[in-house]
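**Q** Residue numbers (this note's numbering), protein chains in the order written: chain Z, 1 to 345; chain E, 1 to 345.
Since the hints were derived computationally from the structure, they do not count as laboratory data.
Glycine included, each C-beta is placed from N, C-alpha and C at the ideal position.
Treat each hint with caution, since some may be false.
[To be verified] Going by beta-carbon spacing under 10 Å, a handful of chain E positions derived as facing chain Z: (1) F9; (2) W106; (3) L146; (4) G150; (5) L200; (6) H226; (7) Y252; (8) I263.
[Claimed, not checked] Stretch by stretch, here's where chain E covers chain Z in the computed footprint (C-beta under 8 Å, at least three residues): (9) 201-214; (10) 217-228; (11) 251-263.
There are 2 protein chains.
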Amino acid sequence: MKVETLRWFNNRLEMIDQRILPAAFEYLSYYTAHSVAEGIRSMVVRGAPAIGVAAAYGVALEAQHLQEKSAADFKTGMETGFTVLAASRPTAVNLFWALQRMRKVWESVTTQSPQQVAQRLLAEAHEILAEDIRINKAMGANGAALLKDGARVLTHCNAGALATAGWGTALGVFRSAVEAGKKISVIVDETRPFLQGARLTAWEMVQENIPVTLITDNMAGHLMAHGEIDAVVVGTDRVAANGDVANKIGTYMVAVLARRHNIPFYVACPLSTIDLNIASGKDIPIEERSVEEVKGFRDYHWAAEGVKIRNPAFDVTPAELVTGLITEKGVVLQPDGQGIRKLFG
Amino acid sequence: MKVETLRWFNNRLEMIDQRILPAAFEYLSYYTAHSVAEGIRSMVVRGAPAIGVAAAYGVALEAQHLQEKSAADFKTGMETGFTVLAASRPTAVNLFWALQRMRKVWESVTTQSPQQVAQRLLAEAHEILAEDIRINKAMGANGAALLKDGARVLTHCNAGALATAGWGTALGVFRSAVEAGKKISVIVDETRPFLQGARLTAWEMVQENIPVTLITDNMAGHLMAHGEIDAVVVGTDRVAANGDVANKIGTYMVAVLARRHNIPFYVACPLSTIDLNIASGKDIPIEERSVEEVKGFRDYHWAAEGVKIRNPAFDVTPAELVTGLITEKGVVLQPDGQGIRKLFG
């Protein structure tokens with residue numbers, strides 16, 4: 001089964017509701033930038049590349065929604081749409097990258113009618129989606145070459161088809177390795193509190209018949225100490241100019257353990273996730289989400305009443321712990337500022 | 001509120017049902033070794049010292065249950081009781097320590113009537129319970145001296161009153177620090193899959209008005225990297241002769257991170273938890289529990305269908321990562337075989 005995380009259907013955006021997977025598989029429909037922003041905020045869609053694609057469609061939808069307005073009202077409405085989308089989630093840079101790209105397209109056609117602008121923006125959103133899949137497949141091929149036949153590979157969270165327009169970044173590497181005839185098996189952390197590992201990555205790998213084993217977030221160290229993990233591949237929400245990697249909370253712990261056990265730690269990272277404007281990881285904004293998420297899962301709460309709660313959604317892994325950045329332009333081993341600048345050279 | 005994890009009431013053992021805390025607070029009653037063994041296996045009671053006390057009462061209950069039998073039937077029944085209790089859980093050594101102690105008492109009174117033996121065994125179980133609390137308070141005082149006023153201390157799982165006859169080992173250190181006038185605050189990992197941190201430690205600390213913050217198991221690294229944790233104190237299920245520490249799965253990951261961030265990592269450990277018969281941590285049996293526990297929590301399952309699951313309940317932290325073992329006889333800094341032997345000298 002091909003996972004279409006986002007699709008254009010009947011002149012609207014449809015997104016798989018990732019909050020209810022794998023118990024239910026359902027598409028939700030979006031008509032405006034405002035509803036797409038809410039879909040991003042509430043994590044109907046998540047994963048840095050998928051958020052970028054969703055935001056691009058959000059801009060296109062808003063233009064379509066406003067195309068009968070006067071030029072002045074169209075402009076005002078579009079600006080509001082951009083603002084609302086930009087405020088939906090703070091950490092994944094792909095969101096801002098996609099908005100910037102859509103804005104440039106808009107600015108290039110300001111003399112045209114709202115209808116023409118709307119058409120042009122929709123074409124650009126389609127192109128961003130198609131590009132994302134092409135990029136994932138290029139990354140996948142580059143990453144697959146790093147994995148030995150028989151490798152047992154740990155991943156954290158979901159950097160899969162569900163986190164992108166399709167194929168996936170980290171899980172794209174696994175798909176490409178399997179396509180290349182390698183027998184690999186995947187170990188995935190459940191990834192509290194939103195359980196992207198238990199719900200989404202496990203589901204994707206089962207769909208693909210790639211062997212997958214689920215563990216809780218506190219078990220990776222034990223498996224590494226017992227020689228049961230050969231490599232780690234994760235995705236990322238933003239990479240700073242010096243190679244520091246922001247990704248789902250818990251990634252840093254896995255990286256520290258991988259270093260202790262001399263296990264290679266790879267980050268699958270499309271160029272759109274690299275933020276050259278951020279010097280180092282300590283400047284990457286880390287989203288703190290609602291404490292409700294940590295009290296339990298969905299409406300089922302188990303935490304003791306009266307306890308305080310923290311819920312940082314991401315952490316930063318320093319570049320020194322990263323064995324290699326897997327990009328669509330090749331693998332940057334031991335990434336640093338110089339290695340990253342070369343990608344854009 | 002004083003937490004009486006286990007209590008002798010109306011000639012039976014009562015134990016708080018820790019599977020349903022904190023949603024409900026309820027005692028279950030036990031009359032035989034067999035039911036106590038099932039209570040240990042199913043984690044009505046958990047925590048190494050509490051398991052030891054429960055097992056002692058299990059032996060006493062079985063003697064009481066069989067006291068009208070012939071001497072031969074009494075002996076056979078008692079042997080079965082010992083066997084069933086010993087098979088309940090494999091990792092916590094206190095279970096075997098308590099059974100050994102009860103067996104010695106039994107062997108010292110074999111010429112007496114079953115009724116007299118039953119009385120003597122019950123007295124010994126009472127003494128083990130009372131001793132456990134005295135030992136915890138001695139450990140607490142020794143450990144409290146290690147914590148600075150204002151310290152923000154991370155703990156994992158529940159090594160509290162609920163894991164002992166009362167007061168607690170790691171949480172006993174916190175109680176003693178507060179009693180000594182120190183202002184400390186506790187950060188606790190939720191401790192998947194059984195959620196002892198979110199349910200039990202958070203509940204105990206709220207009861208005591210000790211400030212407590214809940215995080216998921218993958219957040220400790222982020223907090224350490226941001227300078228938000230000053231020390232770690234955990235309990236243990238078994239310490240090998242060389243100082244290696246078996247404790248709840250995830251402890252090893254916390255220890256590795258603490259070392260990276262130069263944060264002291266202490267283990268609260270009554271002498272009954274030290275197993276001189278085990279040379280090093282790699283010989284400590286690690287219980288693998290039912291995969292059902294990792295699929296979700298209680299009957300609420302969220303994991304994708306068809307995923308394989310691992311569920312090791314404990315891991316081993318090598319002695320080199322332990323800053324100090326806090327015992328009732330004092331603190332062993334940088335524990336090794338020599339330091340541990342001195343405790344028994």
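**Q** Each of the hints needs a verdict: does it hold here or not?
**A** Against the structure, the hints:
no. : hint    : result
1   : F9      : 25 Å, violated
2   : W106    : 37 Å, violated
3   : L146    : 24 Å, violated
4   : G150    : 16 Å, violated
5   : L200    : 8 Å, holds
6   : H226    : 9 Å, holds
7   : Y252    : 4 Å, holds
8   : I263    : 13 Å, violated
9   : 201-214 : holds (count 8)
10  : 217-228 : holds (count 8)
11  : 251-263 : holds (count 5)
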